[in-house]
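Asker: Make a model of the complete structure from these sequences and hints.
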Amino acid sequence: MKKVLFATTALIATAGMAAAEVKISGYGRFGLDWNEANDVAGALDNTDATNITSRFRLTFDVSTETDGGVTVGGRIRAQAENRDGAQGRATFSSPQFHVAYGGLRVNVGNIWGAIDSAPGLYLNTTSVGTGIDGMGFNSLAIKGAGFDTFTSAGVGRGGIEAIYSAGGFTGHVSYSKQNGTAGTSTDANGVERTALMLNYSFGDYFVTGAYQSADNGRTITKGGVAVEADDDVIFLAGGADFGQFGATLQLAQTEEADSVTLAGEAEVGAASTVIAWVNSTDIDTGVTAGQTVTDGTAFGINYEYDLGGGVTFVAGYVNTAADDNDNSVQAGLHFSF
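Residue numbering for the sequence shown is -20 to -1, 1 to 317, as defined by mature numbering (1 follows the signal peptide of the UniProt record, and there is no 0).
Keep in mind that the hints were calculated from the coordinates and are not lab data.
Check the hints yourself; a few may be wrong.
[As the list claims (entries may be wrong)] Computed Cβ-Cβ distance ranges for the label pairs, DEER-style: (1) Gly290 with Gly134: 25 to 35 Å; (2) Ile32 with Val79: 36 to 46 Å; (3) Asn305 with Tyr81: 47 to 57 Å.
Bear in mind that the values here come from a model prediction, so they are computed numbers and not experimental data.
All C-beta atoms, glycine included, are put in the ideal place defined by N, C-alpha and C.
Answerer: This is the structure in structure tokens:
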């Protein structure tokens, strides 16, 4: 009802101009975060193991349609959050614009990114990770490589992407290039990424494949030579929904590591959902400098209870691949509107 009122108000305000649709949506989340890594010898005196984690997000979507049936629109996001005891901060995203017709959509600006849009990459939870805020997203099989994603933190990637859907097929290609920071260099090229994602859904099953090439980004030393850390990223995923139960398998290969994640989902009663996952990562021993990935096994569990009215109780536990001080627990509320 609230969304309808927002859209109606926007239509009245634009009387006499081309009819446009304005939607305001978002969510809020808040809870407690216990992180064992914050309570170890050598940590700062003002670093506590237990902190508040919170976020409030507003997304503004505007669109209009030409006489020929082409949709033109834009998106911008406002967000404020507090994590791990750090001072709260508020940001506005850079804009994303789109043109769509039939099954084709083209985004320009703060793009979504082909890999970030791949089904099976994230968990089917309110945070798309574990707990209230994702808890580090250790369930992702892609390790050590960056990829494009819509960001709320100021300037986005600055790119263009095309998404085409027909029946159970979706194809997504994206390209971005990040300009350098003013005053720091006159010659250095910005990070450049090109990615492709293909997905096919049939009945209660899906399969996904994605690939990314990159230049001018972070480098590591591998086999005695400098290698682009974001280059040659391969991601594969498949999943199924068996009614009360579901499962997803994802595999990824980067210049730093090979990784596999298995996640299982179960509906418990009428309002509860439990998702458990395990990730196994094998680092590339040929990387002699710049390695950012930890070898080993990580696992986690997420519990959600639907309280109605768009409110969900969320609790999560994660044990990372680190040998010590790698446990964290979160619990809180998530509400959407």
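Asker: For every hint, state whether the structure bears it out.
Answerer: Now for the hints, and whether the structure bears them out:
1. Between Gly290 and Gly134 the beta carbons are some 28 Å apart, a value that agrees with the proposed interval 25 to 35 Å.
2. At roughly 41 Å, the beta carbons of Ile32 and Val79 sit within the given window of 36 to 46 Å.
3. Hint check: Asn305 to Tyr81, Cβ distance near 53 Å, so the stated range 47 to 57 Å holds.
Of the numbered hints stated above, none is contradicted by the structure.
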